[in-house]
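Asker: Note that the protein sequences, when read in sequence, are chains D and X. For the first sequence, position 620 matches number 620 in the working numbering, and the numbering has no gaps at all. Quick note, the working numbering runs 1000 ahead of the 1-based positions in the second sequence.
Be careful, since some hints might not be right.
[To be verified] Here are the computed lysine-lysine pairs in the DSS-like style, where the Cα-Cα straight-line distance is at most 25 Å:
| no. | chain 1 | residue 1 | chain 2 | residue 2 |
| --- | --- | --- | --- | --- |
| 1 | X | 1039 | D | 581 |
| 2 | D | 546 | D | 518 |
| 3 | D | 628 | X | 1039 |
| 4 | X | 1108 | D | 661 |
Read the hints as simulated data drawn from the structure, not as lab findings. Keep in mind the model is a prediction, meaning the values are calculated, not measured.
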Amino acid sequence: MRAILIGTLVIICFFVSYLLPLKEAVSQDVKSCLKCHSIKTLHKKTETGETLSLFIDNAKYEKSVHGALDCSSCHPNINLKNHPKPRKILSKNDYVKEFSPNCLNCHPKDALMKPPVHGTIVKKGDIHCSQCHGSHYIGSIKDWKNKVSFSEYCMSCHKFDISKTLPSKEKISLRVNEQEIKKSVHGKFQCLVCHDDFSKVKHPVYNFKDKKQYTAEMTKICTKCHTDKELQKNPAHYALTKTASCIECHGYHGVKPAKIAKSLPENQYCLSCHSRAISMKFKNGEKLSVQVKESEILNSAHKKLKCTECHREFSITQHPIRNFESIAEYRKLAKDMCKNCHQDAVKKYDTSIHAAALKRGNQQSPECLKCHGYHNVTFISKDKIASSELCIRCHTDSGKAFKESVHQLAIKQGKQNAPNCSSCHNSHDVLSTNMAKLGDSCIKCHKEAKTTHMKWLWNPPVRLSTFVDTHFNSASCAACHTKNEKAVLLMLIDRSKNKPLQAEEVAKALNFDTKTLKTKIDTNGDGKVQEQELWQFMSQVKEKFKANLAARIDVLNPNDAHRIETKDKSIKDCVYCHNPKAAFKSKLEINKEGEKSLKFDLDSKALNSAYAIPNIKDFYVLGLTKIKVLDILFFLALLGGIAFPVAHITLRVLTAPIRRKRREGK
Amino acid sequence: MKKVYLHPLPIRVWHWINALGFIVLIITGAQIRFVDSMKLMSFETAVDIHSWFGFVLLGNYFIWLLYYLLTGKLFKIYIPPFWKPVEFIKKSIRQARYYGYGIMVGDKNPHHPTPDNKFNPMQQISYLMIMVLLIPLQIITGLVLWDPILFSSLANFMGGIQVATLIHTGLWIFFSAFIIVHFYLATLGHTPMAHIKAMFTGYEEEHEDH
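Excised from the complex, chain D in its bound form (with noise of 0.2 Å):
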């Protein structure tokens, strides 16, 4: 008995002795390691500059959640052998990186992972253990659960730069301004007054598709204390929230006060929503952005100008809504607006191609706002490359070309007098090239051209004006300016008004549409007019019109004509033209009012037609354009007046003896 005493004496002995050495041991490891981190002062410099403090608060530290484990528990491979020793660490969060991992040896990732919300925080590992939860003085979560209020729990994640990527790729920062927070409408108001789906023990996870279905939900939660019958109570406002979200003019969590001092100045009140990333939606669907930058306004020609100057129908107390069908139908009330105060250049503009054209429906084509922009309304620039530039925008291929041109090179050179776009096609009341008889728009500025062209350009005795007039008149400056492929260009005319004929106006006199002008004459529908098609299209067309066709050699290709050669490379050789074997296309064009001209391939042979003569009375080339019956006439006549002495000098030779009887005889 005594010996079972003794010997469970012994054991308990064994095992308090194995407990007592255990428990000094922990004590000392934190008692050594706080030593040295006791010391208040006690930091580091990482690389980048920051001071890293190792003060540790052994009090604080013994109150924490793990005030029970010693220093090795975390920190495993720092021990009194290694340490200290020189090391060199980045920056606090590259330390802080670096450390975290050491977590999840206690906390492990799976357990981690189990709140939806924390689980995808470890996941992405942008945000370290930390960052949230401190590092020495960790608390107990649930007591600061319990503790913290609702808006604390919320900010102590959403402080951090996190954000959400949704399926449409768009990525929507869930990061929240706290100071924005406190310095709005809604300053007072805990997160969850707004968020009443969210709790400290409740974080939905959400799927928007996209960011437009995120603003749409968000929106909601607004309506649940501004209620359709509050907001009602002013009918623009109200109509405003069927157009745009309350997000888009209010915001998210900086919320402004929703009356906005009508004693504003007035450009200030309009931009207290207008400043916003707000749109305006049209009933088909399109989506046209009203935000208005104040410094664009501030730098344009229009500074000076109050919104409602322009904006008439709207004040500081109407905000009058409107329902447009479409961008299109929006941008032509602008041309109104402009001209409340520029009446002459929207008068030009209404003469323009640019006009007609979207009228006729082409959307591409440019109205005041196209070119001088909506509220950054700017004087066309005076550098000529850079309002051409504005032109190059739609006008790509003629852009090309006029940089590959003497006049570019002129405005490279800083001439004085070097053209652009406006110089020869106008601003406003831009024309289409054959209404704007380019020739003259050239001769506008070389005014020399007729004395320079006379100085080679003459028939003898006399040097005359109107021959080179003459061939003014029959061939554009781009026919022999340039170095492209010519045509020979017929238009079709009324001879008696000597206008264009308009496609519209003889589909209308042959009784069909427009749109099939092309296979009424390429009736063989071969892609060409041939020359027998070409005659008997004129042939009806002559019942109804005195038509004809007026002719002019070009460039086969309008855009070319921009590709004005230097003076030396001009053709100054007659025979280019000349030349029955000028190799040039030919092309029948008819006009259509304010558009660009309908042009049909023809096939040049009509030019050299007995039938050219009634119907191209006005034209007539030298050469190219001879009539080859002719040709065959002239040798048919040639023979014949050699012929003729022939036939008469044999019948002389073979009727001789009879003449010499007859002289005999007498």
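Model the placement of chain X on the given structure of chain D, informed by the hints.
Answerer: Here is chain X on its own, set in the frame of chain D:
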């Protein structure tokens, strides 16, 4: 041998200038038209010569016109006796018969030129047409082609430059054939050179027996 003074100096000068001009204009006209296949001279040279000679002939035409207007012989020489149409037609047939048959069998030329009646009926009607209609027409259409803008009213009157060109080219064809025939007919005097010599000297020789 009888000598008749048929061709006064102004007419001889006019004739030879006209002859040279016609030949040059026909050839340069051909060069302009057949620039791609005829390489006698450049297009520019052909146009220059054609223009110069066109104006020379224009001036020359007025030598002829003024001479005959001032001497009052235009009517006598060029206008057929339209008041005696039957006789004129008979004479014309007789003349044509001579060229087509009589000359072969050794008949006498029915026409005996005098200063006031130098053309036989066929010549008379031909030269009237040529001098009063065709040459003026060729000159006018030539002017239209020389400067279509300066003479645009003429072109419009004719119905466009194409019509002017058609007339000018048509007459070029006619004159090309005519000048060959004219030259051949000029050799049908009592000697091949008789008429040609007369056009230099002014005197046409006529055999007494003619």
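Asker: Now, for every hint given, state plainly whether the structure supports it.
Answerer: Each hint tested on the structure:
no. : hint            : result
1   : X:1039 to D:581 : holds (14 Å)
2   : D:546 to D:518  : holds (21 Å)
3   : D:628 to X:1039 : holds (19 Å)
4   : X:1108 to D:661 : holds (15 Å)
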